[in-house]
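Between the sequences and the hints, there should be enough to build the whole structure, so can you do that?
Protein chains in written order, with our numbering: chain V, 1 to 415; chain X, 1 to 415; chain A, 1 to 415; chain D, 1 to 415.
It is worth saying that the hints were derived from the structure and are not from the lab. Warning: the hint list may mix true and false statements.
Same chains, same names: a pair is fine if it fits in one copy or spans any two.
[What the hints assert, rightly or not] Calculated cross-link-like contacts (lysine-lysine; reagent style DSSO-like; alpha-carbon spacing at most 27 Å):
| no. | residue 1 | residue 2 |
| --- | --- | --- |
| 1 | Lys329 | Lys84 |
| 2 | Lys329 | Lys60 |
| 3 | Lys145 | Lys60 |
| 4 | Lys144 | Lys60 |
Number of protein chains: 4
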Amino acid sequence: MENRGYEENGRVGLWIAGAKGDIAATLMVGKQAIALGLTSSAGITSDLPPMNRLPLIPLKDLVVGGIDISTQPLAASAESLYRKSRTISREVLDGALPALACIEEDILVEPRLIWKPSDPQPADTTPLRQLTDRLQAHIRGFRKKHRLSHVVAVNLTSAEPEPDQAPEHETLEGLEQLITEDRKDLITPGVCYLYAALREDCSFLNFTPNPGTTFGGIAELADQQNLPYYGNDGKTGETLVKTALAPLFAYRNLRVLSWEGVNLLGNNDGLALDDPDNRTAKLRNKGQVLNNILGYEPHAGVDINYVPSLGDWKTAWDLIHFQGFLDVKMTMQFTWQGCDSILAAPLVLDMARLAEFAARHGESGPMHHLAAFFKHPIEVPEMAFHTQFERLLRYTETHLAQQSETLQDQEVSVQ
Amino acid sequence: MENRGYEENGRVGLWIAGAKGDIAATLMVGKQAIALGLTSSAGITSDLPPMNRLPLIPLKDLVVGGIDISTQPLAASAESLYRKSRTISREVLDGALPALACIEEDILVEPRLIWKPSDPQPADTTPLRQLTDRLQAHIRGFRKKHRLSHVVAVNLTSAEPEPDQAPEHETLEGLEQLITEDRKDLITPGVCYLYAALREDCSFLNFTPNPGTTFGGIAELADQQNLPYYGNDGKTGETLVKTALAPLFAYRNLRVLSWEGVNLLGNNDGLALDDPDNRTAKLRNKGQVLNNILGYEPHAGVDINYVPSLGDWKTAWDLIHFQGFLDVKMTMQFTWQGCDSILAAPLVLDMARLAEFAARHGESGPMHHLAAFFKHPIEVPEMAFHTQFERLLRYTETHLAQQSETLQDQEVSVQ
Amino acid sequence: MENRGYEENGRVGLWIAGAKGDIAATLMVGKQAIALGLTSSAGITSDLPPMNRLPLIPLKDLVVGGIDISTQPLAASAESLYRKSRTISREVLDGALPALACIEEDILVEPRLIWKPSDPQPADTTPLRQLTDRLQAHIRGFRKKHRLSHVVAVNLTSAEPEPDQAPEHETLEGLEQLITEDRKDLITPGVCYLYAALREDCSFLNFTPNPGTTFGGIAELADQQNLPYYGNDGKTGETLVKTALAPLFAYRNLRVLSWEGVNLLGNNDGLALDDPDNRTAKLRNKGQVLNNILGYEPHAGVDINYVPSLGDWKTAWDLIHFQGFLDVKMTMQFTWQGCDSILAAPLVLDMARLAEFAARHGESGPMHHLAAFFKHPIEVPEMAFHTQFERLLRYTETHLAQQSETLQDQEVSVQ
Amino acid sequence: MENRGYEENGRVGLWIAGAKGDIAATLMVGKQAIALGLTSSAGITSDLPPMNRLPLIPLKDLVVGGIDISTQPLAASAESLYRKSRTISREVLDGALPALACIEEDILVEPRLIWKPSDPQPADTTPLRQLTDRLQAHIRGFRKKHRLSHVVAVNLTSAEPEPDQAPEHETLEGLEQLITEDRKDLITPGVCYLYAALREDCSFLNFTPNPGTTFGGIAELADQQNLPYYGNDGKTGETLVKTALAPLFAYRNLRVLSWEGVNLLGNNDGLALDDPDNRTAKLRNKGQVLNNILGYEPHAGVDINYVPSLGDWKTAWDLIHFQGFLDVKMTMQFTWQGCDSILAAPLVLDMARLAEFAARHGESGPMHHLAAFFKHPIEVPEMAFHTQFERLLRYTETHLAQQSETLQDQEVSVQ
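Take a look at the structure:
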């Protein structure tokens with residue numbers, strides 16, 4: 001692994017698919033609020049020791065751009081955080097608006113870039129190859145305009161339906177062919193973002209449950225480009241709690257009979273998931289978690305209901321029915337009331353910094369050390385949150401040790 | 001470390017202070033129900049891999065005896081599990097009664113063996129030395145009668161008030177002197193059990209918050225006798241959940257503003273804790289947990305309320321108020337509805353097996369690998385449940401590796 | 001209204017459709033446990049003042065019989081209360097078994113008496129008329145054997161799919177015709193019970209959501225026979241709480257934005273409701289409640305999930321998201337953990353007593369004073385629990401006043 | 001009852017003790033936000049039918065003034081609603097600030113007007129008579145300045161300790177004497193407000209648990225002045241839910257074994273209640289509720305804990321442990337997350353309108369029809385929320401009927 005050229009003080013791009021959504025707007029406003037000293041950096045994992053001792057790119061050197069299907073101005077997305085979600089004050093909003101106006105110039109608006117694999121006549125009739133070319137051109141322009149040393153692309157769009165599996169997904173050649181043949185039944189928008197970003201030398205993060213990152217063809221492309229990537233499906237609420245709590249039952253030999261969960265949410269993500277076509281991948285990701293940690297399959301239902309009045313404030317209730325000594329049945333229940341974007345946005349910043357760090361150090365392929373950030377971490381079998389987090393700690397410590405050796409070597413050679 | 005003599009197929013004693021309480025009765029009934037095939041072994045940690053590959057003493061070879069202040073027959077304690085707690089069926093009760101009748105013969109009844117350090121005229125006027133002699137004689141008799149290869153003593157009594165700290169606690173000589181001088185203001189019943197048990201070559205487990213295990217004089221005695229011991233305060237409910245959940249907030253850099261908990265319980269433990277004198281140690285143990293895991297001190301209130309109708313079914317409600325990105329405040333709450341004895345009893349069996357195993361292998365002093373079982377694990381700084389549990393895993397793996405080497409050596413020498 | 005002949009000290013029949021289900025078994029065991037002094041009469045509304053001053057039939061004078069599709073003995077149903085639901089002790093079970101053996105003789109077993117309107121070839125090929133004849137004969141025999149002064153019939157079976165509406169339902173002539181023509185697509189088992197019972201001069205209670213009680217043809221038959229009847233769908237859990245709580249929001253002008261509920265249950269009722277065909281009526285009954293009390297339609301989702309491990313212990317969680325002064329959004333949530341049969345059984349006893357009382361006093365048609373017992377009370381518009389309960393209080397007071405007048409008249413005439 | 005002179009279109013004063021607290025600031029901002037069309041009138045009971053058909057004073061004709069111990073500007077109180085409680089938007093705050101500046105001129109600041117009966121040397125050395133004179137002068141000035149047809153005084157201060165009971169409290173002469181003799185051990189600030197307001201011909205509402213409204217001397221004074229008044233202790237959260245839910249258990253004959261509640265709050269009210277001296281009256285009011293509704297005394301604990309991070313967002317958790325048929329124990333729990341000021345402020349507006357209406361119609365003494373607004377409604381025995389609310393409905397209907405008769409009479413006389 002050869003290190004990618006990297007200029008000190010260079011700036012790094014964060015190219016977001018879904019750049020006008022709640023998570024993206026929260027990320028942009030939050031980044032600016034931190035810069036203005038209007039908020040703490042709570043929620044940002046990479047500021048915790050020992051990660052804060054890695055030479056990660058400072059937040060202020062992240063330049064944001066991206067793509068969205070919405071034609072409304074970015075300011076409207078931010079204003080809705082103030083008015084609807086009530087997560088930011090007027091002062092924070094006002095402080096962030098100038099920065100948002102700049103970012104807006106780097107957002108490509110493609111209102112029709114959304115289709116379902118099952119749709120015989122997608123609204124977007126642009127051929128796939130033309131779309132990926134357009135995406136690539138936009139990323140290229142973004143990189144050039146801001147003289148970015150690297151670009152991290154991240155998918156923050158809503159859940160989309162899964163296409164059927166096809167052998168063409170498993171090779172780069174197959175993927176190229178599907179794109180060339182405009183097979184919108186097998187290539188979803190999320191795959192286009194992924195393909196275009198890797199082609200343009202971006203590392204990639206899939207914060208959605210949408211397919212692509214596990215295709216063999218994508219792995220081949222990332223390998224060829226020597227790029228790191230990771231996913232799927234950011235872990236921000238109920239599943240996060242599940243992966244922290246389930247080990248308790250496993251380690252105490254308390255047999256989980258049923259683990260039932262209901263998720264109520266009213267944001268765009270909730271609206272998308274209200275369509276059963278879109279929830280398949282999400283529910284599968286949520287389901288696998290328990291079997292892995294417990295070693296057996298308890299009865300586990302997960303409901304996702306769209307409740308408009310809750311907006312971005314996701315409320316999840318879980319009931320855990322378990323059996324202890326003498327087969328006595330007991331229960332635990334929890335309610336999680338968190339704001340989805342507030343929980344998700346800082347993780348995207350964390351991972352953008354870590355992805356750039358990995359790319360800078362010539363690391364390619366799935367970034368297993370990011371497992372703790374995802375519901376369905378690629379190639380990582382363990383689901384317990386603390387075990388996943390230890391991967392990040394070990395990765396960090398390995399790099400810190402190398403860094404310290406390098407410093408010592410340099411000191412030696414200086415002497 | 002020289003291994004203690006240990007006969008294959010030897011039986012091991014479990015001498016319980018508080019032998020007629022709910023936990024003890026549940027332990028005895030459960031042990032018997034497992035033997036009769038009336039229940040699974042749910043709740044028993046030492047049956048989980050890899051611990052189940054250690055040559056631990058089988059449950060059936062544990063012989064139970066002990067001491068209690070209650071004059072009611074053991075059968076009445078067990079019957080209350082059936083009638084009040086509804087944790088066992090009539091069939092399980094009936095199946096266990098003959099075994100309980102046998103155990104009853106090995107329970108010393110000392111109705112007045114309870115006093116407060118602040119009490120100028122304790123009900124029990126027996127001099128301390130006479131008491132410890134009596135306890136030692138009982139343990140000796142128990143061991144002899146059943147030809148036990150080892151005895152593990154465990155304190156399962158209710159919370160008691162703490163005596164003032166005194167320099168005499170810190171040396172064995174000082175302890176001996178306090179006992180000889182009948183200083184009931186500085187020596188509590190719990191210390192007598194501990195002293196007598198170690199004197200009689202028992203390993204010791206303190207499942208209560210009561211003092212003694214951290215006295216220098218006790219460490220000296222254990223060291224002199226080459227005995228393992230551990231405590232304090234079995235972790236079975238709210239604190240267990242706390243130590244599993246708090247790392248989630250730490251690892252996500254979510255700042256806990258307040259973690260408020262209320263514990264409702266109606267058993268004898270609850271009655272004892274209803275007296276503020278008795279809850280000091282308990283509340284301290286519950287409080288330390290968060291500071292350690294989070295690295296700062298959130299507002300953290302813990303109420304313990306006596307609610308007779310709940311009996312042994314402890315209900316705990318916790319509210320976690322935390323701050324994320326952009327300083328947005330969010331909440332999580334959980335309700336834990338568990339039966340205390342059902343949660344506690346199997347841990348006592350686990351630890352008895354592990355203590356005997358340690359003693360058999362000549363290990364002495366605090367058994368840090370049992371940290372996950374206690375609210376306030378002696379000499380173990382880390383409070384996160386999974387980190388504590390990893391101590392047990394490492395301990396087990398080390399022994400399994402040694403065992404495997406020994407086997408290989410034996411095979412070699414046989415050849 | 002002419003009073004039906006009624007002998008003092010006469011016994012009254014309670015003929016149950018679903019006589020081997022959890023509710024029926026609980027009712028029978030509980031009635032016997034009360035008779036044996038093994039339990040209090042908690043849960044029985046008719047024992048509360050002022051209802052307890054009405055000359056209602058004593059519980060001991062209720063003779064139970066009925067019909068079921070299950071071939072397992074009644075003792076097995078009762079034993080499952082002891083083993084699975086853990087709602088009764090061995091002593092209560094043993095005390096009730098002799099009485100259950102007697103009741104068993106009065107239970108008609110019809111294993112195939114279940115079909116769906118949509119089923120082209122129902123398992124039960126017996127023509128409907130033959131079925132209703134058989135049901136009538138059984139009721140006649142039951143009445144004669146025990147010399148019953150009156151029989152109250154009650155439907156406690158599981159939810160069944162609704163047939164399409166048909167004009168024939170609305171007249172007695174039409175109903176007769178459907179039965180004669182064996183129209184199993186328009187006549188469900190629940191309608192057969194209702195028809196046969198009214199024909200045999202029984203008052204009728206429909207504790208299920210199943211159709212029939214609102215058919216014009218049934219009203220005509222009840223009128224012709226001068227019989228009281230009521231339904232639908234016993235109110236025992238989440239909806240009960242809803243109708244007690246919703247007025248709070250109405251009276252405080254707190255605007256309910258969303259009222260989301262999830263019901264987890266694992267009994268036969270839950271299994272039946274797991275089939276979407278069977279839940280239509282149930283969900284409709286649950287939904288109407290809020291609109292009526294609040295005067296507008298909030299977002300209101302109701303999930304019913306089958307969770308086998310919970311058995312008869314229904315767990316419901318509701319989230320109420322509401323808006324107060326300055327349009328501030330606030331939340332309330334509740335968890336209800338109740339045993340369905342335990343909540344339902346005493347209501348059936350209450351209503352049986354009140355139905356017999358009504359019949360004895362020559363009252364016929366819908367018993368509006370029983371509105372508080374049902375999710376969907378026939379012809380009663382108000383849904384607030386306290387308003388419904390006041391109907392029962394007023395009814396009781398009217399009868400008490402009449403009774404007192406009659407007594408005075410008698411005293412006068414005696415003088 | 002002779003009607004007080006009342007000019008059509010006259011304006012009415014609302015003189016608030018505690019005019020800079022959270023409730024008062026919320027009331028003022030909300031009143032203004034409604035006037036500006038920035039919010040709905042949610043939370044205002046008197047806008048519900050049939051109350052909205054009474055000729056109540058419009059909100060815009062209420063002129064606010066009062067007294068407070070705080071020297072900070074009213075704008076700071078309002079700003080904290082925006083910054084800390086996040087209950088209002090910047091636009092609402094900005095819209096209200098001019099009105100607040102006007103109100104500020106009518107607020108008397110008395111920083112030392114607070115003392116404890118047990119305090120031998122209160123900070124405020126002003127003699128009581130001088131204080132009440134000063135309060136009376138302020139009210140007089142307020143009335144005159146704004147040409148108010150009537151003034152309603154309301155106490156919104158924090159909980160204060162109770163003085164010992166004294167016979168002097170029970171007569172007006174005694175009260176006068178205590179004031180003249182400067183008995184700060186028997187006369188609290190709350191009594192001064194009450195005395196001064198009644199002397200100045202104000203009707204009075206005691207939204208606090210503080211004493212005074214039940215003194216015989218106060219009743220005498222109100223009677224002499226022909227003034228209506230009412231209290232005590234506004235019902236806004238846990239107790240409100242309790243009084244709506246407890247009838248459910250009573251009407252179903254479900255025996256409540258324990259009803260345990262914990263209240264977490266972080267506002268000034270919480271800080272005041274953190275001092276045990278201040279919580280006596282509050283806890284008593286909360287306790288009486290259940291006994292009254294249930295007819296027996298269940299185990300009922302109420303904790304009130306100060307949790308600063310929650311601010312004005314009170315979180316209450318209640319566990320209800322109850323026994324049903326066959327003495328089976330079941331549970332219900334609820335969590336209430338409401339903003340105290342948001343819940344309280346509209347009730348004050350409601351009652352101010354209703355108090356003015358009563359005064360205008362010459363009604364004097366305790367306004368029993370306001371029972372539903374208080375935890376401890378004076379002279380009203382029934383505690384069930386719906387029964388209390390029916391008092392308001394009946395009162396309203398009586399007035400509407402009178403009004404309709406008067407109109408008819410007028411029509412007749414006009415003819």
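Status of each hint after checking the structure:
no., hint, result
1, Lys329 to Lys84, "between (42 Å within a copy, 11 Å between copies)"
2, Lys329 to Lys60, "between (52 Å within a copy, 25 Å between copies)"
3, Lys145 to Lys60, "within (17 Å within a copy, 57 Å between copies)"
4, Lys144 to Lys60, "within (18 Å within a copy, 60 Å between copies)"
Consistency with the previously given hints is maintained throughout, with no hint failing.
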